[in-house]
Structures are given as structure tokens and as C-alpha cells.
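**Q** Chain by chain, the residues:
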Amino acid sequence: MHPALQGLLTIVIGVGGCVGYFYSANLFLDKVLFKAEGPNAGRNINRANMIRPWLFLLPAIIALGLYLAYPVVATLRLSFLERLPGNEFGFVGFDNYSKMFAEPKFIEAMKNNVLWLIIVPAAATGFGLLAAQLTDRLSWGNIAKSIVFMPMAISFVGAAVIFKLVYEARPEDVAQIGILNHLYLVFGGAEPQQWLQIPFWNNLFLMVVLIWIQTGFAMVILSAALRGIPEETVEAAIIDGANPFQIFFKIKIPQIMSTIVVVWTTITIATLKVFDIVFAMTNGQWETQVLANYMYDKLFRANDWGMGSASAMIIMLMVTPILVWNVYNARKEMR
Amino acid sequence: MDAIAGRKPIVVWALNISVVLLVLLWLFPTLGLFVSSFRTGDQITASGWWSSLFASEQTLQIRAADPDDNRVDLGNGRYMVEGNIFGEDAFGGEMTAWGTSSRNLGANAPGDTADLGDGETFTLNADGTYVWEGDDDQISGRAQRVFVDATTPPDFTLQNYNFVLFDENNSEGMAKAFFNTLTVVIPATIIPILIAAFAAYALAWMDFPGRAILIAIVVGLLVVPLQLALIPLLSLHNAIGIGKGYLGVWLAHTGFGLPLAIYLLRNYMVGLPRDIIENAKVDGATDFQIFTKIILPLSFPALASFAIFQFLWTWNDLLVALVFLIDASGQTTVMTKQIVELLGTRGGDWEILATSAFVSIAVPLAVFFAMQKYLVRGLLAGSVK
Numbered sequence: 001m002h003p004a005l006q007g008l009l010t011i012v013i014g015v016g017g018c019v020g021y022f023y024s025a026n027l028f029l030d031k032v033l034f035k036a037e038g039p040n041a042g043r044n045i046n047r048a049n050m051i052r053p054w055l056f057l058l059p060a061i062i063a064l065g066l067y068l069a070y071p072v073v074a075t076l077r078l079s080f081l082e083r084l085p086g087n088e089f090g091f092v093g094f095d096n097y098s099k100m101f102a103e104p105k106f107i108e109a110m111k112n113n114v115l116w117l118i119i120v121p122a123a124a125t126g127f128g129l130l131a132a133q134l135t136d137r138l139s140w141g142n143i144a145k146s147i148v149f150m151p152m153a154i155s156f157v158g159a160a161v162i163f164k165l166v167y168e169a170r171p172e173d174v175a176q177i178g179i180l181n182h183l184y185l186v187f188g189g190a191e192p193q194q195w196l197q198i199p200f201w202n203n204l205f206l207m208v209v210l211i212w213i214q215t216g217f218a219m220v221i222l223s224a225a226l227r228g229i230p231e232e233t234v235e236a237a238i239i240d241g242a243n244p245f246q247i248f249f250k251i252k253i254p255q256i257m258s259t260i261v262v263v264w265t266t267i268t269i270a271t272l273k274v275f276d277i278v279f280a281m282t283n284g285q286w287e288t289q290v291l292a293n294y295m296y297d298k299l300f301r302a303n304d305w306g307m308g309s310a311s312a313m314i315i316m317l318m319v320t321p322i323l324v325w326n327v328y329n330a331r332k333e334m335r
Numbered sequence: 001m002d003a004i005a006g007r008k009p010i011v012v013w014a015l016n017i018s019v020v021l022l023v024l025l026w027l028f029p030t031l032g033l034f035v036s037s038f039r040t041g042d043q044i045t046a047s048g049w050w051s052s053l054f055a056s057e058q059t060l061q062i063r064a065a066d067p068d069d070n071r072v073d074l075g076n077g078r079y080m081v082e083g084n085i086f087g088e089d090a091f092g093g094e095m096t097a098w099g100t101s102s103r104n105l106g107a108n109a110p111g112d113t114a115d116l117g118d119g120e121t122f123t124l125n126a127d128g129t130y131v132w133e134g135d136d137d138q139i140s141g142r143a144q145r146v147f148v149d150a151t152t153p154p155d156f157t158l159q160n161y162n163f164v165l166f167d168e169n170n171s172e173g174m175a176k177a178f179f180n181t182l183t184v185v186i187p188a189t190i191i192p193i194l195i196a197a198f199a200a201y202a203l204a205w206m207d208f209p210g211r212a213i214l215i216a217i218v219v220g221l222l223v224v225p226l227q228l229a230l231i232p233l234l235s236l237h238n239a240i241g242i243g244k245g246y247l248g249v250w251l252a253h254t255g256f257g258l259p260l261a262i263y264l265l266r267n268y269m270v271g272l273p274r275d276i277i278e279n280a281k282v283d284g285a286t287d288f289q290i291f292t293k294i295i296l297p298l299s300f301p302a303l304a305s306f307a308i309f310q311f312l313w314t315w316n317d318l319l320v321a322l323v324f325l326i327d328a329s330g331q332t333t334v335m336t337k338q339i340v341e342l343l344g345t346r347g348g349d350w351e352i353l354a355t356s357a358f359v360s361i362a363v364p365l366a367v368f369f370a371m372q373k374y375l376v377r378g379l380l381a382g383s384v385k
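Sequence order for the protein chains is A and B. Going by my numbering, the first residue of the first sequence is number 1, and it counts up by one from there. Going by my numbering, the first residue of the second sequence is number 1, and it counts up by one from there.
In isolation and in its complexed conformation, chain B is listed as follows (with noise of 0.2 angstroms):
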């Protein structure tokens, strides 16, 4: 279609263009967190995070080193300080201009003396090295501030990750809900697979009556919202003992994905080849042999992309969570309401919320990119006929 269109160079430019800015739009907010989580609180609340990608003129505020503690003694009534005021680590960015106070910020040159008054000085070089000095009065007490212009390179830290994943001090960490999220989240994916495959061979291959009518039921469940579910569901868990806890929320769980597995499996297993069951059926195949050794593994892609479809549900979930997981004792916790709980206590935090926030979401957007191709097939299977 391309050569009888015959595109004009001017509408392909459009045409890409339009799409990159499409793209960026959507890549965007996710990109914001992404790049947020690995800078530090300061750095976030500093400057917008798209400038950090960029090496970018900063003034840093810095302090000498202690004088109480480290002035050396010259004789005469003298004392100085000596150190880098970057500190032991060796600094990435390029200094560009200093100054000793806040009115007069890039007063000075790198490699400059400035003269504080009444004798005092001090003297900093481009690599950081300084020399404070002066009398007993003036090198004590609080050290001298330094406001560095300097231009720094992209800056970016592991530390948020370390915090809120390993830190064992950190009572808001993520890895216990990380470890309650995979809790819920495998046992109700692999569970309604099981179940609705059989459901689903039965409604596709076997003749029965009310078959008709089943499958329409199947249909008319996909839409209940599981709203309605939750006071009903509670109350009957808490009457026969199970009451809040993991299994609570594997049997919801796999009630509510089974009419989107029955459906997608059926769907599919539908437009499996008749021949090739009606010759096992010919050879003396039990409908359980059918099932088992042909249907299965031809049903695989289905199957994959039902589990896609149900971990993310789960990965992702709250309001099942919350109803039917988490206690008062807070032991239950998953990451998606650590973080709902984190945006309360921690709102301005942004370091620990980004941090937090991609840690949920990494694993879900790994499977994601690893198993796109089947999510499509299945999002196609369950919509499109």
C-alpha cells in the first residue's frame, strides 16, 4: 500500500514524529519514578529528576571540617584547617566558581583566597583541598561554610534500594510484602489454571444437557463486579473459620479469575483440530487421556496467558488485599498497600516512595516484557471473534 499511496517524505516525518512524542508521553511518568528512585531525598527535592540526566550546574552548600577537632596549631596565636571539602570520596563534577556566604555566591575563583576580615582566610582549589585560617577565636566553634558552584555529572545511588529492601531497622521496608505479595500471588495463579481447564474441556469437547446455558453463565460472570463480593464473602470465611488470612485470599482469588480462565480456555480449546480427538476417541482414549495427554499441552499458549492475566490481577491487587488478607496485626501486609500506606505517612519522602513503588512494580513489568507475546494472544482470544 505504501508505492500506490506514494508517501510523501514530509507526512513519514509527521508520522514518526508524532509517534516519538506519543511514546515519550507514555513513557514519561513511569520514566520520572524510575529515575527518582535512584537518587537521594536531597537530590529529588533539589531539582526536577529530568535535569538529572544531565550533568548540571548545582551550588553546593558545604561545610569545612570541625575546628575543635582538627585546627593545627601554627604558633603565634595562629591556627588553620586543612582537608578536602568534598570529603574522602573523589568528586565527579567540575567546580566552576565558590563563595563564602550566601550573598556573595560565586564570588570566587577555584584556587582563590578569600579574606573573611580581621585576618581570616581561606582558600580553596579547584580540586576541593582548602586552608582555613586564622586567630584562636575564629577557628572555632562552627566551621566555615562554602557555597560551591560546580557543575556535577548525572549522580545516581543504589542506597534507596539498599534501604528499603535489606535495611533490617527500616519497619516500612518492602521485603516482608514482597514476600507476602508472592505469597498470595502463586498459589492463586496456578490453582484456578487447574480448575478451569478442566471446566473449559468440559464446556468445549463433552456433550451434555445445559451445556449452552453454562457457557452463557460463564459470559454473564466475567462483568459481576467483585465489589459485591466482599461483605458476603467476608461474613461466610469468618463463619466457617478460615477468616482473614492467605487462604482467604486464594479462594477469592480463584473464584474471581475462573469465568476469565473457563472463557479464554474454552475459546480456545474450541478451535483445537476435532480429528485429532476424534482418532484418540477411535484408539480408546478415556475423555481423562483426551485431556490430559492432547489438550493440555495443545492448550499451552492459552494456558500461559490466562497465568499472565491472573498473576498480574494478583501481583497488582489491593481491594482483595485489604478485605480479605490483611488483619489488624498488619503481619499480612502486601506491597501494594505498604505503598497506599507509605503515601500517608511518607508522602513527601520520594526517595522511599519511588524506591518502593518500582520495587512493586519490577516484577510484574519483567514478566511483562519477557511474555508480551502472549498476553496479546490472550488479550485477542478474550475480546475479538
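For reference, chain A alone in the conformation it holds in the complex (with noise of 0.2 angstroms):
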């Protein structure tokens, strides 16, 4: 069958049958199990109203912890198995991580994994921060927020083609076509560079990818959290001599702070899980290798599901603060 005939179908029978179940379920609890009617009519009405919320629930419930729940406890027995001839396991205990944490490229995914989480997530936050005060009271700052907030819809690897045109590096003699070797040329360098194979250097070249798709993000809900600051302490501020600058850090920042941290944990998860720009532009060559690539080495090359599973395990206990964070957080609220 032609695959989108076949997505057309899965279409119709994945809506059908979410929508045939809510129904039918419904209809069975409300006609058939506990009938609203005869001498017991109340006491069933209440029994069905406490089922219902189940019901509605139960496919988000199965899928949630088949496909995000399951996942993590399976993920973390693996990691303390080998895989032995014939489909066996073996109990190794933490032979995996030891033997990761003995390995040289290992060392260089965690070290480059937290240069990553420094730099990235500060300056996309920052250049967000800029752009979102720049623009707020441009006349023509909407269509500058929607440019700078333009690259949120291009998939990774797209922006990896983007930037590995914009750091393409041509024989010294012949025309460049990189545009950053061009202006590196025209600004006195001496002969074009290969930008991705400097080591060091090379990782912030991959950070720029990120850092270019992640600033939007951060100057859409920064700047909604800026126009949100009561004018009143603004006013305050300008009628008693504060310069703009003294507003900007003394005055909105400290309002914002919040939302500030909010866009910062958000960033600072998409770094962790960063993987597609790296398997595009460098595959982990010239020491640029991080944590989920690693991890997709160990996985489906290496073929080594117990150190991949450890390395994955470390990118869980690394989202760990964040996610008890959030939770602490989202529970204050509802109280």
C-alpha cells in the first residue's frame, strides 16, 4: 500500500477510534454500567462521575508511561546490564559507567555538554533579552521580532546546511564563498580557516546554530514579560533621574527575574538534548562530540546498548534539578 495512503488511513482509524472510544466508553458507563435511572439512579450517577475522569484519561495515561514513563526505569536497568550472546544479559553493575568514565571521548562530551550549557543558554537569553528591549517601541519592531524569531521553525539540520554555507572555507587563491572566511579575508586574515576542524573554536562555531534558533524564543516571551511591567515603576524611576540604562537593569530586569529563569531552564534543556547540529555539521570530529551524540554512537554504531544507556542516563540525572524544579514550582502554583 502507498505509505500516504496509508497515513490517510491511520488518520481516519487513529481519529475514529479515539474519538469511537471516548464515546462508546461513555455511552457503555452511562447506559450500561450505571444506568441514571430505577431506585438507585443517584448513587450510580455518582459512581459514573467517578469513573469518568479515568476514562477520558486512560489513553494519555498508557501512552505517557509506555513512551515516557517505562522508558526511564528500563533505561536505567540497562545501563547496569551487557548484552551477551544470544539475547542474554549479564549484571554488571556500574562496569558501564566505570568504563565510560575511563573514555577519552566520553570526558570530551561531558566537558564540551557543559561549555554548551554555560554559553549557550546565557547568550541566547541575553541577545533575547537585547532584541526584545531594542524592538519593544520600534515602529517596525514587529517585523524585526518576527525575523529574529524566524529561525524557531527551521529544523536543525536545515540550519546546520545554513551555517556550514556561512562557514564554508575555499582554497586561498580562488573566490570564498563562506561568508565568514570572506569577512575574516576582508578584515586582514591571512588565509581562510576551517572553521569546524579548530578545535576548542570549533564548538562555539556550533553554539552560534543554537544560539541563532533558541534567541527568538527567548525575545518572544522576554518581550511579553516586559510589556508586562507596570508603566507606574517605570515613570517613578524616570521622574527621580535614572538614566535609561539604571531603568533597564535596576528598574525591569529585577521584574522580570522570573520569567527570566523560566526562558533559562527551557534553553538550558534543549542544549542538554542538542544533537542533530552536531551529527550534521561535525558528527563529533575535531573534539567536538557531545552527550546525545555519544550516546547515538554508543547506541546504534558501537551497537553498545549498556554504555548508551549509561550515557543516557547521565543526560537524565543532568535534566534532573530542572524537572524536580518545575515540579516543586508547578505544585506551589495549584495551591
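It is possible that part of the hints are untrue.
What follows is a list of derived Cβ distance ranges for each label pair [unchecked claim]:
#1 B:Phe54 / A:Pro254: 45 to 53 angstroms
#2 B:Ala370 / A:Lys111: 41 to 49 angstroms
#3 A:Glu191 / B:Phe28: 20 to 28 angstroms
Because the hints were derived from the structure by calculation, they are not lab data. Glycine included, every Cβ here is placed at the ideal spot set by N, Cα and C.
Combine the two chains into a complex, taking the hints into account.
**A** Below, the structure written as C-alpha cells:
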């Protein structure tokens, strides 16, 4: 069958199945299991109403449990096992972890990831804040914002191609087609550089791609937060003779601090999972390895499920503080 | 505030200029790819894309027509070849000078006759017509090379798109990958919305024990990296016979998209006016009716924002497709994977790369610009409170 037809059929079956499930489960509950009539009508309605939420939630709980909760446990388990011949597994304790920490490539990935985690959220939030403040009262601010926001729609892989062209290096005696090398030569560089092959600095050139993508996100949210600041506080500061910098740093920033933290952590999570950019641009060569790509290497190239799972657990461990903090905040809000 | 602050014109100028710079900085990388996708491979390697936007001085290296097929016998052992150096098509540029070897570029003006020695001559006019004359030996073998200095206007072509999308013989074309991506994306966007909408309604408007804990779990699952799910779920899919394929990738995208969907929709639904829902209940509406007749239509903006997120995320995804969809046969490859592959095999062919990448970027960009309002609204609902 043609995949497009198959897709169409799946939509029909999937959507029909969902609607059918919700509709018939409700009908069953009201008309068969607990009829809202007869001597026990009142009790039946109460019972039906106790069960109904779970009917509504059931598909979501199954999907969440199977696709997100179960894998956390299963990956944790796999990280303590090794694959033996014949689809058997043997318990090896922390061997996978200790082997991993002894691997230079893993240490490199950890170091790079820490670097990513420090630089990308800071830079994206910083640029986002700058863009939000600058465009705030500009007549064409919305157009400017649209353009800074646009990379958000572009895939990491697309962005990788875009920036490969920016970083492209050609031999010295022919015309440069990468704009970075062109500018580098115009401003007195000696010879064209292979930007992605210079250890350490190439990490920064990869980070630029993610910063370019995430800045728009930061800008949109921070711009809304800036708009939400009560005018009176700013006006009062102006009357007291504050200069624009003081207004920005001492009046505005403190008032949107909680939003800045939310933006920062959201970008941090995106940064932790960064895979496509490195996979497409350097594939971890020239000392640009990161955890997610290291894990992919272990799982699908080396076929080492134990170490692959162990490195996935490291990523999980790194998001855990944010997870706990988010849950804590969500619960605080509900009270 | 403008009036109070009494902004000086110079400050306004500085502000405008810095925003222009910022916008250009953000636009330039994409623009480069976009422009490159409309240039031929030769043009791309000959000059940077930024110079193609303006008329440029170029030296074109062209050969005259093949003398063995085209020469005309003038008698007395003289032969000549006549024609237009620019071929059949009209030349849009303007010739400034020309030469007959790479050592004397631009030695002749248009209309000049160059003496090639031993009675061999070459005349080239500004419109490209030429006369190449000489004896039997001279007008044979390889055709004469001409180096034309010309100011060429911006010159763009659609042939890359033709090749990448519609060429039957191009085994690395994007057409199949485009439809595969579409096949992945549409069910993977619609199904989680339905499941999440019911769950979100239950979490927002129904009272039952354990509700708060469920909401907390959803918030927690929001940040669980999907990297953890790869191996356990692939084994699961293999065990229950789904293996690698569309069904697996639809299920995976549904699972991974649900936390955000439930979270966004619940936040939105909680904010709907209580009166409407209670009035409906008093009038005897069941929860199912309230949901389908009142909540769903009112939640349209939130549904739209999530749909856009999920659409962008599944369209742009590489990892989930690599793990759950693309098998050894490569029949089910998606666009992101195809581009990564092209980066490996056609790393230097920028006309192919740029065009392929732009084909995959174009749809999300169109959705982005058409639905930006909903996207922004969704982002704000998801992270600011």
C-alpha cells in the first residue's frame, strides 16, 4: 500500500478510534454499567462520575507511561546490564559507567556539554533580552521580531546546512563563498580558515547555530514580560532621574527575573538534548562530541546498549534538578 | 513614556541602526542559502552569494563552435566559423572587453579583430557575434577559447528545484522524502491533540483523587529527554511486531508530544469561564457534551498552538525518524535524514544541498509566518505565568 494512503488510513483509524473510544466508553458507563434511572439512580450517577475522569485520561496515561515513564526505568536497568551472545543480559553493576568515565571521548563530550550549557542559554537569553528591549517601542518592531524569531521554524539539520555555507572555506587563491571567511579575509585575516576543524573554537561555531535558533524564543517571551511591567514603576524611575541603563537593569530586569529563569531553564533543556546540529555538522569529530551524539554512537554504531544507556542516564541525571524544580513550582502554583 | 523620556533623535537613530544590524545578522545565514538555491553550481563556486544580488564584473570563459562541424570553406584554403559566442539565448549582460588567452585578458574591445598570428583572426562584437577565420590547420581540432569580461546582471535559475524535486533520474531527489515526511507528520500531529484534549479536560474540570499528582507527573515528564526512550521502545516495537516503520514513529511522536499537549491545553482550559460550564451542567449536559460542544470550540487557540508546535517538531525531527522509522532499505527516509546524507555524499555541491535544505525548510517557514500569532500565544501559555 502506498505510504501516503496508509497515512490517510491511519488518520482515519486513529482519529476514529479515539473519538469512538471516548464516545462508546461514555455511553457504556452511562447506559449499561451505571444507569441513571431506577431505584439507585443517584448512587449510579455518582459512581459514573467517579469513573469518568479515568476514562478520559486512560489513553494519555497509557501513552505517557509506555513512551516516557517506562523507558526511564528500562534505561536505568539496561545501564547496569551487558548484552551477552544469544540475546541474554548479564548484570555488571556500575561497570558500564566506570568504562564510560575512562573513555576520553566521553570526558570530551562531558566537557563540551558543560561548555554548551554555560554559553548557549546565557547567550540566547542575553540576545533575546536585548532584542526584546530594542524592538519594544520601534514602529517596525514586529517585523524585526518576526525575523529574529524565524529560525525557530527551521530544523536543526536545515540550520546545519545554512551554517555550513556560512563557515565554508575555499582555497586561498579562489573566491570565498562562505561569508565568514570572506569577512575574515576582508578584515585582514591571513588565509581562509576551516572553522569547524579548529579544536575548542569549533564548539563555539556549533553553539552559534543553537543560539541563532533559540534567541527568537527568548525574545518572544521576554518581550511579553517587558510589556507586562507596570508603567508606573518606569515612570517613577524617570522622574527620579534614572538614566535608561539604570531603568533597564535596576527597574525592568528585577521585575522579569522569574521569566528570565524560565527562559534560561527551557533553553538549558534544549541544549542538553542537542544532537542534530553536531550529528550533521561534525559528527563529533575535531573534539566537538556532545553527550547526545556520544549516546547515539554507542547505541547504534557500536551497538553497545549498556554504555549507551549509561550515557542516556547521565543526560537524565543532568535534567533532574530542573525537573524537580519545575514540579515544585507547578505544585506551589496549584495550591 | 517616549514623551517623558524626551528621546533625542540620535538615540532613536542608534536604536534603529542597532535593530537593523541585529535583523541582518539573523537574516543573512538563511538568505545565503535561499539565494544559493537559485544559482547554478558554477555560479556558486565562482563568487559569494552576496555578490550575485548585484550586477557583477565577471570573466566568462567560452569556446567558439566546433570548427570540424561548423566551418565554412571560403576558397583559397581559407575557412571561417561564424556564430554567437553566447549561444542561442540572448545575453543579458554587457561585454566590456575580451581576450583570446588567459594571459591577455581584456586585451580587445568589443568589435575588435584579434590577430592570432599566421593570418588567423578572431572578431568579436558586443552582441556576441564572432567571425573566426584562418587556414585549414587553424580552423580545426579544438575550438578557439575566448575570455569575455562582462558585467552580468543578477542571474537566477529554477533548474536546481527542477532537479531536486522533479527529476526522475535523480536517486537523491527530495520528492519521495517530502511525501514520507508528510506521511509522518500529519497523523503524528492530529492524534496526540485528541488524546491530550480529553486528558486536559479531565485534569482541568473534573474532580477526582490523584489529580494534583497527575498534573505534577505531566510537568515532570515535560523535560524527560527522549534519548532515554530509544532503546527500550525500539526493543518493545520489535517485540510486539511493529518493528521500524510509520506506525512506530507515529506512536513515538504521540507519546513524546503528549506532555506538552496536556500541559498547554490544561493551562488554557483552566482559564475558561466557570459559569459557562456550570450553567451547562445545570441544564443537564453530560461531561462528554460539555467537552465536545463547549470546551473544544473555546479551546481552539490552544489547540492551534499545540498543533503548530507538534507540526514543527515532527517535521524537523531527525532522531526519532532515524531510530523508529528508517530501515536498511531506505524507502522510508525523511527529508532531514536525506539532507544529512547529502551533506556526506555531496558536501561540495552547494546547489543541491542548498535547494534540498530549502525544500525542507520552506513548509515550516510558511506555517510559521501564517500562524505566528498562535505560536507566540502557545509559547507564552507554556512558559509564563
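**Q** Next step is simple, just say for each hint if it's right about the structure.
**A** Results for each hint:
no.: 1; hint: B:Phe54 / A:Pro254: 45 to 53 angstroms; in the structure: holds (48 angstroms)
no.: 2; hint: B:Ala370 / A:Lys111: 41 to 49 angstroms; in the structure: holds (42 angstroms)
no.: 3; hint: A:Glu191 / B:Phe28: 20 to 28 angstroms; in the structure: holds (23 angstroms)
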